[in-house]
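Protein sequence lines, in the order shown, are assigned to chains A and L.
Going by our numbering, the first sequence opens with residue 1278, and the numbers climb by one from there.
Going by our numbering, the second sequence opens with residue 1278, and the numbers climb by one from there.
If you're looking for bench data, these hints aren't it; they were derived computationally from the structure.
You may find that some hints are simply not true.
Intra- or inter-copy, both count: the list cannot distinguish identical chains.
[What the hints assert, rightly or not] For lysine-lysine, the following DSS-like pairs were computed, each having C-alpha atoms within a straight-line distance of at most 25 Å:
no. : residue 1 : residue 2
1   : Lys-1561  : Lys-1623
2   : Lys-1448  : Lys-1625
3   : Lys-1279  : Lys-1448
4   : Lys-1507  : Lys-1400
5   : Lys-1400  : Lys-1369
6   : Lys-1623  : Lys-1307
7   : Lys-1620  : Lys-1369
8   : Lys-1307  : Lys-1279
9   : Lys-1638  : Lys-1369
10  : Lys-1507  : Lys-1537
11  : Lys-1307  : Lys-1448
12  : Lys-1326  : Lys-1537
13  : Lys-1620  : Lys-1326
14  : Lys-1606  : Lys-1625
15  : Lys-1307  : Lys-1387
16  : Lys-1387  : Lys-1505
17  : Lys-1507  : Lys-1279
18  : Lys-1505  : Lys-1400
19  : Lys-1448  : Lys-1620
20  : Lys-1369  : Lys-1561
There are 2 protein chains.
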Amino acid sequence: MKVNQSLIDPLQAATYIVGGNAPRFVQELKNVLDQVDGNLVGDTYGSGKMIEDFQNQMAAYLGKESAVFFPSGTMAQQIALRIWCDELRLPKVAYHPLCHLEIHEQDGLKELHHIQPILLADKDRLITLDDVVQLEDNISCLLLELPQREIGGQLPAYSELEAISAYCRDKGIKLHLDGARLFEITPYYQRSVAEICALFDSVYVSFYKGIGGIAGAILAGDTAFTEKSKVWKRRHGGDLISLYPYILSSKYYFDQRIDKMGQYYEGAKELAAIMNQCEGIQTKPIVPVSNMFHVHMDYSADVISPILAQIYEETGVGLTGYLIETSDKSCSFELSIGDRYSKAPKDKLNEVFRLLEMRLKVNGN
Amino acid sequence: MKVNQSLIDPLQAATYIVGGNAPRFVQELKNVLDQVDGNLVGDTYGSGKMIEDFQNQMAAYLGKESAVFFPSGTMAQQIALRIWCDELRLPKVAYHPLCHLEIHEQDGLKELHHIQPILLADKDRLITLDDVVQLEDNISCLLLELPQREIGGQLPAYSELEAISAYCRDKGIKLHLDGARLFEITPYYQRSVAEICALFDSVYVSFYKGIGGIAGAILAGDTAFTEKSKVWKRRHGGDLISLYPYILSSKYYFDQRIDKMGQYYEGAKELAAIMNQCEGIQTKPIVPVSNMFHVHMDYSADVISPILAQIYEETGVGLTGYLIETSDKSCSFELSIGDRYSKAPKDKLNEVFRLLEMRLKVNGN
């Protein structure tokens, strides 16, 4: 996968960036600490009021018995799958071919835990109940990622999700939720986080996607599960003497943004609709089901890149810093809508795509 | 190992605490960020100027080709041993029976990496060249911890260290340094950090021991080694989107305290000498060789604890928050000297031990 990164500087120079919440500047942490009393005692190796309070708050919010704060989702999810594989004495799980564990973690699941993943479904579509029913191998755990990020953040119908959950429960298969973007899907499903989580035995959520924290994750489930996860967290080297910079920022930005997920979702639908009016541009999904979607363009990155750079400069609106070269004649990028989208004036946004369509017609063929 | 924790509150209430640098309050991070421009760009998945600058600074300071910032030493050291075991295709290492990996990491080395450790030397003494020479098993790597924390922070003679290093090099055994407290031993050895590190193939240092940062570690070696360590860092879930809270605090407190290691060492020797004048109290080592030592007392924790609590209150000086019950009639605790020691008035310190000796004579038998 070749990535054209020539738009990084033009994006940084733009007045309005349509994706995300804020640049990853240290100011994001300063904002958090400005609100915290310096005499607050930090956590120590997973103990202390601060970490326990946040874990309890998140357990309640997710509707689970217990929750543990982790430095990363990579660590939390490998550990979740390991616990279920150990419990069922079967080191085999199933997940989507574009699962984070399969493509972004340097095979940690295999290299550290010797767990064999069965890849369910084709790369370009969601896992269905049929895929699960037709599994030939016995597995300990099925991992579902909601939304499925690498295909634009797609979601199954809620009834399909319920059916998969019921089937797994019936068959004794543990169901784990990769909820990196769980908070972001509640407006589409019109279900509470706890309702969605009730379909799963274990749940991971992230605090630096829609929430926009610095880093950090929560792994939740019943207490027997989370207690085991603490042992594995120590083994992985994730039981830091203090995780409080991430805990405080997770809590701060959770409080700031958890009620904005509907706004981000509406923004994503609005922006995708504008984009889909451009010839040669199509979003995936056509109508987003969360705050995120992918943008596919029928032109090479080399053609589009200078045109976009020029448009960023003229309009002050920046769309993306990179383009993935999906073929000689096509490219794509990902957009996640956060706080920044609402600050970009609508007339300028429309102007971006009017100019883009016009210039691609002239230069793109 | 039973730990009596009844002195935690009396210690917190003391005006002068003799050990450590500062309480683990959020203020320690606020101090760091107050000195940082909010527009500074954070690191992203191990990349970016901030993390690369600090890694380069530490590589140069340690005299190694390359260095990688890790969230924890637990993660860094398991990974170092794994890399050497893979390189020599022999999953066997040797270390002290009280090595951090053996007693504090929930067997991560065995459970995640399937590496077999050979325990060298007896629990209560240092590893010698003879121990290494007489090893019957072939090993990929020998880990030495300098100073050996769990026996009071003891150090081998520098000539012994050089001999072990030469022997390992001759035999093709990789030598790894657990340098959690490496900075703290330079005053005793009268050698630079780089000179000491030159004896080792790979080195881990911590930033929250003598340096007093929030958390974080550096793993250093040649570039082939550190590049592999980045892959394993990703696998362990330690390649966080941003580690900057730990990087900034490591750098800040390194700059503040790296030149104070001599002062801490002198403080440790002074305090140990005062303690050793008390009947029934002995430090280990008798004369400290770094900023740390253990205090052994020939009385039960139940007897000593209320006496110490009373003395903390009378003098305003606090020694320890816990006592390890080493037997029915003895207990111990660890002291690491940092910034706080110099703030405790000498007359009050002497008064503590005058009172302690007197009251132990009356109550202790």
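Item to check | Intra- versus inter-copy proximity for Lys-1448 and Lys-1307 (alpha-carbon distance at most 25 Å) | outcome: For Lys-1307 and Lys-1448, the Cα distance exceeds 25 Å both inside one copy (49 Å) and across copies (51 Å).
Next on the checklist: I want to check one pair: Lys-1623 and Lys-1307. Are their C-alpha atoms no more than 25 Å apart within a copy, between two copies, both, or neither?
Outcome noted: neither (31 Å within a copy, 39 Å between copies)
Checklist entry - Are the CA atoms of Lys-1369 and Lys-1561 at most 25 Å apart within a copy, between copies, both, or neither? => result Neither: 31 Å inside a copy, 50 Å across copies.
Item to check | Alpha-carbon proximity context of Lys-1387 and Lys-1505, limit 25 Å | outcome: Result: close both inside a copy and across copies, 20 Å intra and 17 Å inter.
Next on the checklist: Regarding Lys-1307 and Lys-1279, is the shortest C-alpha distance of 25 Å or less found within a copy, between copies, in both, or in neither?
Outcome noted: neither (36 Å within a copy, 41 Å between copies)
Checklist entry - 25 Å Cα cut-off: does Lys-1507 pair with Lys-1537 within a copy, between copies, both or neither? => result neither (32 Å within a copy, 36 Å between copies)
Item to check | Identical-chain pair category, Lys-1620 with Lys-1326, by Cα at 25 Å | outcome: So Lys-1620 and Lys-1326 fail the 25 Å test inside a copy (37 Å) and across (29 Å) alike.
Checklist entry - Between the shortest in-copy and the shortest cross-copy C-alpha distance, which are at most 25 Å for Lys-1620 and Lys-1369: within, between, both, or neither? => result neither (47 Å within a copy, 58 Å between copies)
Checklist entry - Is it within, between, both or neither when you check Lys-1507 against Lys-1279 at 25 Å Cα-Cα? => result Between copies only: 21 Å across, 38 Å inside.
Checklist entry - Within a copy, between copies, both or neither: where do Lys-1400 and Lys-1369 come within 25 Å Cα-Cα? => result within (20 Å within a copy, 40 Å between copies)
Checklist entry - When no copy is named, should Lys-1326 and Lys-1537 be tagged within, between, both, or neither for a Cα gap of at most 25 Å? => result neither (28 Å within a copy, 33 Å between copies)
Item to check | 25 Å Cα threshold - placement of Lys-1448 relative to Lys-1279 | outcome: neither (42 Å within a copy, 45 Å between copies)
Of the numbered hints listed earlier, those contradicted by the structure are 2, 3, 4, 6, 7, 8, 9, 10, 11, 12, 13, 14, 15, 18, 19, 20.
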